[in-house]
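Heads up: the protein sequence lines correspond to chains Y and R, in order. So the first sequence is residues 1 to 480, counted in the UniProt record's numbering. So the second sequence is residues 1 to 102, counted in the UniProt record's numbering.
Mixed in with the good hints, there may be bad ones.
As the list claims (entries may be wrong) - Calculated pairs, DSS-like style, for lysine-lysine (alpha carbon to alpha carbon, straight line, at most 27 Å): (1) Y:423 x Y:123; (2) Y:365 x Y:106; (3) Y:423 x Y:106; (4) Y:359 x Y:123; (5) Y:359 x Y:423; (6) R:17 x Y:269; (7) R:17 x Y:423; (8) Y:106 x R:17; (9) Y:123 x Y:106.
Unchecked claim - Stretch by stretch, here's where chain R covers chain Y in the computed footprint (C-beta under 8 Å, at least three residues): (10) 80-86; (11) 96-104; (12) 236-249; (13) 268-281.
Keep in mind the hints are simulated off the structure, nothing from the lab. Where a beta carbon is used, it is the ideal one built from N, C-alpha and C, also for glycine.
Letter by letter, the chains look like this.
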Amino acid sequence: MNSPVLISLTIFLTLIFVIGFWSAKQLHQKQNTFLQEYFLGSRDLGGFILAMTMVATYGSASSFLGGPGAAYTQGLGWVLLAMTQVATGYFVLLILGKKFAIMARKYHAITLIDFLKNRYNSKTVVILSAISIVVFLFSAMTAQWVGGARLIESLTGLSYTAALFLFASAVLVYVVIGGFRAVVVTDTIQGVVMVVGTVIILVGTIIAGGGVTAIITDLAAENPNLITPFGHDGGLTPAYVSSFWILVGVGVVALPQVAVRAMAYRNAKAMHRALIVGTIVVGVIMLGMHLIGVFARPILPGIEVADQVMPLITLEVLPPWIAGMVLAAPLAAIMSTVDSLLLLVSSTVVRDVYLNYVKPDASNKRVRNVSFGVTAVLGILVFALALRPPELLIWLNLFAFGGLEAAFIWPLIFGLYWQRGNKWGAVASMIAGVLSYIIIHQYWPNPFGLHSVVLPVAFSFFAYILVTLSTSEREKHLGA
Amino acid sequence: MNKQKHHPIDFQDARFKVANREALIGVGLVVVNFIWWYGFAYGLGSKPVEEYRYVFGLPAWFFYSCVLGLFVMIALVTIIVNSCLREVPFDEEEEEKRGGQR
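Assemble the whole structure, with the sequences as input and the hints as a guide.
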């Protein structure tokens, strides 16, 4: 048992609780707008907080455990691939931008589905969206819990079940009590921890490796491919790496957990500030974290479980007390991702299904109770699944991102920028995107050397345009 | 719940002109970012490893594409935000709502 690490971890978790309770107090003061406050923080986010919450939500377990682990194996080519994510820092806010903020306010939308429902006025669109969100995000979330529990397990020496319990109770109490505002406030703290932590670990690693030149020389001596853009075995082709611009770069626009943040900010000034802060933060974290993974290789050769690279190198290069503090960063990242996903799935169930179709006239008090209840039940379900994670879930998590992007990207973008776009186009686009993604992912991985998300995004693009054009002709005839 | 009718968005709203222009700026930035990233990475990185040059100890392709590229994008975003983006109000009823609630 590593006690300094354990102590800083405890301090961190306590801090989270305190902030959760503080936010809950804010919540009670604004009862009349419960839904807006609980799920959106009353659309009142400032620029710095907005940037941090977007980065923290997006930069999940993958960038802190999986990403550096892959960089450890693949070399600098994987850092190149990871840098495609810098685009998310400015692209999401510029594309959704002011138009999404204005339209969401006009519609009183508090979820992505609210927006789609009002834009297309179609039950089919709502139900397809709700199914995509619940299925894809629920599984993504479970896999994150497994990641969080494994991290606590490796840091503290607790058993997996005990670690999972610790992790889950922290997340649950916190989300159930605090809602959106609690989540974004801690996202901000966690974002700061992540940035500072990344820089400290990177510097520590470079010093431990004897300087950048020495590290690169060691890497090249071990396997020259490690310092090329092509991966350790030359397998990272330009076409494959470039298609990550769609999966983790521009496609991120369509992730519901990211889009919902693009309707929560206070004003144009907040958005402008977030553009700059977001680009800096996401760039520093992505470049730093993945470089750490590569640089760790000569210092700690022969790590077999990729997810352990990050914790091990931190414990290796930093004094235990600082290591404990800094390792709060990956835990923070996983936690904030989980928090937001949990909130999003429960808002889908409450807002988009329960209030739309089950009980539209529910009282404010009832909505509040149902929201707490659904959030808690979902959390417990995820916990049960994470206890013995089924194979299927891990598979689902891997492709959750791509699936959501294939489903939502064109209904969202055309919904904003193409006046003629209609519900038939949106339905066709979602079905074409999700089905072709599942089929390609299963039976034809990496067609033409591209990542399997690329073709479905193209298919759903054409489906939207063709179906909209053909049906809007018919609508015109009917109208005449 | 606010069960209002489907009200179509007025696509002629003057604020949307600003929004459309800014979305195009976003697309432009991504294109520049991609070209810079791809050009340096595969332009310099496709040579045999023995011919690599190094900047601050890092292979030149990596330094220019990933490290310098990041700083260039941060600078571009900062310049564009400060010179091209316009502030618009988001909510017509913002004022009265504020007055009523706080």
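Structure-based check of each hint:
1. Y:423 x Y:123: 10 Å, holds
2. Y:365 x Y:106: Holds, at roughly 25 Å.
3. Y:423 x Y:106: 19 Å, holds
4. Y:359 x Y:123: Distance ~15 Å between residue 359 of chain Y and residue 123 of chain Y Cα, so the pair holds.
5. Y:359 x Y:423: 24 Å, holds
6. R:17 x Y:269: 18 Å, holds
7. R:17 x Y:423: 24 Å, holds
8. Y:106 x R:17: OK: residue 106 of chain Y and residue 17 of chain R at ~17 Å, within 27 Å.
9. Y:123 x Y:106: The hint holds at about 20 Å.
10. 80-86: holds (count 4)
11. 96-104: holds (count 6)
12. 236-249: Since three or more residues must qualify, the claim that chain R covers the segment 236-249 of chain Y holds, with 4 doing so at under 8 Å.
13. 268-281: Holds, because 7 residues of the segment 268-281 of chain Y bring their Cβ atoms closer than 8 Å to Cβ atoms of chain R.
The structure is consistent with each of the numbered hints, conforming to all of them.
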